[in-house]
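Enquirer: For the record, the sequence lines run as chains A and B. Heads up: the first sequence is residues 1 to 249, going by our numbering. Heads up: the second sequence is residues 1 to 120, going by our numbering.
Worth flagging that the hints you see were computed from the coordinates, not collected in a lab. Just so we're clear, the structure is a prediction, and the values are computed from it rather than from any experiment. One or more hints might be untrue.
What the hints assert, rightly or not - Calculated lysine-lysine pairs in the DSS-like style (CA-CA distance at most 30 angstroms, straight line):
1. K8/B to K25/A
2. K128/A to K8/B
3. K33/A to K45/A
4. K219/A to K8/B
5. K9/B to K33/A
6. K9/B to K25/A
7. K45/A to K117/A
8. K117/A to K240/A
9. K9/B to K114/A
10. K9/B to K219/A
11. K231/A to K9/B
12. K231/A to K219/A
Here are the chains, one letter per residue:
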Amino acid sequence: MRMPDAVTLEVQLYRPEEDGRPVWKRYEVPFRKEWMVLDALNHVKDQVDGTLSYRWACRMGVCGSCGMMVNGEPVLTCATYLESLLPGPIRVEPLKSFPVVRDLVVDLSGFLSKLRKVEPWIIREEEKPLAEGEYLQTPAQMALYKSYSMCINCLLCYSACPIVGLEPDFVGPAAIALAQRYNLDSRDQGSEKRLDILSQDDGIWACTFVGECTEVCPKHVDPAGAIQRYKLASTLAWFKSVLIPWGKR
Amino acid sequence: MPIFWWLKKWSYTWFITRELTSIFVGLAAVILLIQIRALGQGEAAYARFQAWLRTPPALVLDGIILFFLLLHTFTWLNLAPRAMALNLAGRRIPNGVVLSAHYLAWIVASALVTWILLGR
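Only chain A is shown next, with the shape it has when bound in the complex (with noise of 0.2 angstroms):
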């Protein structure tokens, strides 16, 4: 096939001192074999409207900045590349199921305080003593929970999560999917309390398995699997809450 000269983009853009509602602008971008998505953006940034609004910082997949609605999909716009969907025009919009701040700038604000909500941080009932040294872990230990750690926060998956948008209280696929790393670890003691919040009627019970989360991540973390897994271990739990009232759970 002929690669063409250019490309035409469609930047949905929102400024809401200007504005009342999100508009579209059509940017011709010279079409480059190498280039991303991002990488358009970014000539349009420099060379045709310094006003476009968006976020990226390290473009190669590793920060979770650039995540954006293209063509309808939540991708990460510097891992996509403009070949990939010609011939255009090809549409970007910001993620979906969140506030928009300008352009394709999403607020997170919602998102981190769920994310603070499950605790992902190792919690100790009782921290040793220094001078026993660090918390030891082996191989088959961390590859327990490694796949989980591959999370990079870009949030593909709130916006391929149909739940998301329609409760906006649901903590959400990447949150869950953080809590189970550190539940997992072999270091941590905080899963009790973690399964207590996310038990809640926003928590877990709030997926139903549509399992596109898991489809758009780009870190092949499973958040499905997650969840499901959760919903397990919460089940059991509540089993031997009531099968065995006098043990610990």
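Let chain A serve as the given structure and place chain B on it in line with the hints.
Expert: This is chain B only, laid out in the frame that chain A set:
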């Protein structure tokens, strides 16, 4: 979210199809409960219920229920390995083994019920 959000993507449509058709799984349980109640009401009531089961509308309903019960059984069992990460002697049990164990348990349970109903 617009009311027809689930028509925008095949995976969303499939998800909603599963959600909506789960009503037939519930109907199967309701019919079983009615059957148990008829059994408790005596021989004549149970015969009346059985006669109703043989009517064309009941047979059509039963066919639809069976179709969706099987659909939900297959989709449910196929999801099992994603919900169960089992380890044995420090190694993860492969998804295929978890899946096969579920199908085997289903076949054994079905054979047992068939034997109780027909074989004795």
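Enquirer: So, for every hint listed, does it hold in this structure?
Expert: Verification of the hints:
1. K8/B to K25/A: Measuring from Cα to Cα gives roughly 23 angstroms; hence the hint holds.
2. K128/A to K8/B: violated (53 angstroms)
3. K33/A to K45/A: holds (19 angstroms)
4. K219/A to K8/B: holds (25 angstroms)
5. K9/B to K33/A: holds (29 angstroms)
6. K9/B to K25/A: Cα-Cα ~25 angstroms, so holds.
7. K45/A to K117/A: Roughly 36 angstroms between the alpha carbons, so the hint for K45/A and K117/A is violated.
8. K117/A to K240/A: This hinted pair holds, its Cα atoms lying about 25 angstroms apart.
9. K9/B to K114/A: Roughly 27 angstroms separates the two Cα atoms, so the pair holds.
10. K9/B to K219/A: Within the cut-off at roughly 22 angstroms; holds.
11. K231/A to K9/B: Within the cut-off at roughly 26 angstroms; holds.
12. K231/A to K219/A: holds (23 angstroms)
Of the numbered hints given earlier, the model fails hints 2, 7; all others are met.
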